[in-house]
Amino acid sequence: GKRELKEEDCESELGFAFPKWKKWWILTVIFLVQTSMNFNTSLYSNGLEGISEHFNVSTQAARLGAAIFLITYAFGCELWAPWSEEFGRKPILQASLFLVNLFTLPVVLAPNFGCLLAGRALGGLSTAGGSVTLGMIADLFESDRQQYAVAYIVFSSVGGSILGPIVGGFVEILPPAQAWRWCIWIQLIFGGAVQLLHLFTVPETRTTIMMNRIAKKRRESGEDPNVYGPDEIESFWKRFTFKELIYTWLRPFRMFLTEPIVLTLSLLSGFSDALIFMQIQSLVLVYSQWGFNSWQLGLAFVPIGIGYIIGWLLFLPAFKRNQRRREKHPEDEHAQYESRMSLLLWLAPCLPIGLIIFAWTSSGPPLHWIGTMFGTCIIGIANYAIYMATIDYMICAYGPYSASATGGNGWARDFLAGVLTLPATPFYTNIGAEKGMNLQYASTILFCIAFVLVIAVYVIYWKGPVLRKRSPFAQSLAQGATEFGGH
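Taking my numbering, the leading residue of the sequence shown gets 1156, the next gets one more, and so forth.
FYI, nobody ran anything at the bench for these hints, they're computed from the structure. Cβ atoms here follow ideal geometry from the backbone N, Cα and C, with glycine treated the same way. Mixed in with the good hints, there may be bad ones.
Claimed, not checked - Distance condition first, Cα-Cα at most 30 angstroms in a straight line; then the derived DSS-like pairs of lysine-lysine:
1. LYS1175 - LYS1483
2. LYS1483 - LYS1624
3. LYS1161 - LYS1372
4. LYS1398 - LYS1177
5. LYS1175 - LYS1398
6. LYS1475 - LYS1371
7. LYS1177 - LYS1161
8. LYS1178 - LYS1372
9. LYS1475 - LYS1157
10. LYS1177 - LYS1371
11. LYS1398 - LYS1178
12. LYS1161 - LYS1398
13. LYS1483 - LYS1157
14. LYS1175 - LYS1245
15. LYS1371 - LYS1483
16. LYS1175 - LYS1371
17. LYS1372 - LYS1475
18. LYS1177 - LYS1245
19. LYS1398 - LYS1245
To be verified - Just the calculated beta-carbon pair ranges, DEER-fashion:
20. VAL1607 - HIS1523: 55 to 65 angstroms
21. ARG1625 - LEU1405: 32 to 42 angstroms
22. ILE1328 - LYS1624: 35 to 45 angstroms
23. LYS1175 - LEU1468: 15 to 25 angstroms
24. GLY1347 - GLU1166: 35 to 45 angstroms
25. VAL1212 - LEU1500: 45 to 55 angstroms
26. LYS1483 - VAL1614: 18 to 28 angstroms
27. THR1183 - ARG1476: 37 to 47 angstroms
28. ILE1401 - ALA1273: 49 to 59 angstroms
29. ASP1299 - LYS1618: 17 to 27 angstroms
30. GLU1378 - VAL1614: 48 to 58 angstroms
31. ARG1300 - ALA1588: 31 to 41 angstroms
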């Protein structure tokens, strides 16, 4: 009869067994893919002037193209997520990259503004984003060894967003009519390059898909004529009814709304990311006081990048310490899960601290502009640390559902960033305007929000085990395997 191939039968042929250089090469390509996806979200904003002139719309209306891309991107990540687990990472990522590149064309060649918005909306929706790239880490690394890989990919995710304005600042040296088109062409060139690189150098890594191929090879070579891969025994449509599909699609949103841990961490993560996208709109207002030109404005995002690098470097020794702690206390729940957030207890307060520094140094000359950059650098450290630690913790606490938990996290980041892109400029211009304190007041309000959200990190750190016991999902991990046939 038919015999199903088990993981232990072919361990040496799976992604976990790839040599180190191969794993890190795959990760590097994924790093570039993820960078290009986040680059697409932000570079558009450097073409605002040209777009509003060309289509005869206000700058605020032109910002819709940035907002709509982020909002559809948030849903795109969710819609693509379950498929890469069924059909394999490679075809799904290729399909996503192909569509994203295709939909830059209606943007750059748009006959009218509606067409441009449609292109941006479809481009965002086609982006598979973190749901696939983080999934590939799970294919290559055992869960207790994956922190370094997660740190690497998280850096590309946050780094891509600020690469946009840095590159865009130099593009803006061109006259606006050309600059906005170049902003879109550059996205296409970068996107096309990473798609080809991925197509030719990255193999399939999804474990079940690899097992199907190994089984098929063994049958054909006569080595084991009765062995079948996990997906060959039941066809796809038998395993995946329409009801289950909707269920899988809604799971990230259900977790987002019913899991206090996912909700709190996702809101914190989303807020810190939305801050960066609000700054993409507002740094213009701040630095024009010092008479920055377009490329100097772009370079004003470098301190955020320096913050990201500092955050990344601070995590590397923390992983080592954390690994030792987990090996020492295998039975202690707190050491296994919450201890992954111990560094965040020190770095999360950087968010309100950075904001308050930024707020009260942003009044323009006679103050020197370096003060604001010190503030944005500290915000950068916090943004990296928050994303890194929340994802690491969720992957661990939710096991098989980690894709849905981190999916909720990613959704909140992009959705909030998109929703807050439009009000950013009025928010920074109107609040406290009659006193001429608009920039300071606006950032101070953000400081208050950040302060409240950061307190939540401490609550989860200390009360995590209790919250997980009450959690419908973390509990159903025990029963879930039997209930839904392990989906």
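For each hint, the structure was consulted:
1. LYS1175 - LYS1483: holds, 26 angstroms
2. LYS1483 - LYS1624: Judged against 30 angstroms, a Cα distance of about 23 angstroms means the pair holds.
3. LYS1161 - LYS1372: holds, 15 angstroms
4. LYS1398 - LYS1177: Violated, at roughly 38 angstroms.
5. LYS1175 - LYS1398: violated, 40 angstroms
6. LYS1475 - LYS1371: It is violated: about 40 angstroms lies between the C-alpha atoms, which goes past 30 angstroms.
7. LYS1177 - LYS1161: holds, 24 angstroms
8. LYS1178 - LYS1372: OK: LYS1178 and LYS1372 at ~23 angstroms, within 30 angstroms.
9. LYS1475 - LYS1157: Roughly 45 angstroms between the alpha carbons, so the hint for LYS1475 and LYS1157 is violated.
10. LYS1177 - LYS1371: It holds: about 24 angstroms lies between the C-alpha atoms, which stays within 30 angstroms.
11. LYS1398 - LYS1178: violated, 36 angstroms
12. LYS1161 - LYS1398: Holds, because 28 angstroms separates the two Cα atoms, which is no more than 30 angstroms.
13. LYS1483 - LYS1157: With a Cα-Cα distance of about 43 angstroms, the restraint between LYS1483 and LYS1157 is violated, given a limit of 30 angstroms.
14. LYS1175 - LYS1245: holds, 20 angstroms
15. LYS1371 - LYS1483: violated, 43 angstroms
16. LYS1175 - LYS1371: holds, 27 angstroms
17. LYS1372 - LYS1475: Roughly 40 angstroms between the alpha carbons, so the hint for LYS1372 and LYS1475 is violated.
18. LYS1177 - LYS1245: Measuring from Cα to Cα gives roughly 16 angstroms; hence the hint holds.
19. LYS1398 - LYS1245: holds, 26 angstroms
20. VAL1607 - HIS1523: 55 to 65 angstroms: Taking Cβ atoms as reference, VAL1607 and HIS1523 lie about 31 angstroms apart, which means the hint is violated.
21. ARG1625 - LEU1405: 32 to 42 angstroms: At 21 angstroms between Cβs, range violated.
22. ILE1328 - LYS1624: 35 to 45 angstroms: Between ILE1328 and LYS1624, where Cβ atoms are some 58 angstroms apart, the hint is violated.
23. LYS1175 - LEU1468: 15 to 25 angstroms: holds, 21 angstroms
24. GLY1347 - GLU1166: 35 to 45 angstroms: holds, 36 angstroms
25. VAL1212 - LEU1500: 45 to 55 angstroms: holds, 46 angstroms
26. LYS1483 - VAL1614: 18 to 28 angstroms: holds, 25 angstroms
27. THR1183 - ARG1476: 37 to 47 angstroms: Violated: the Cβ-Cβ distance is about 26 angstroms, outside 37 to 47 angstroms.
28. ILE1401 - ALA1273: 49 to 59 angstroms: Given range 49 to 59 angstroms: violated, Cβ gap about 26 angstroms.
29. ASP1299 - LYS1618: 17 to 27 angstroms: With a Cβ separation near 24 angstroms, ASP1299 and LYS1618 satisfy 17 to 27 angstroms, so the hint holds.
30. GLU1378 - VAL1614: 48 to 58 angstroms: holds, 56 angstroms
31. ARG1300 - ALA1588: 31 to 41 angstroms: violated, 53 angstroms
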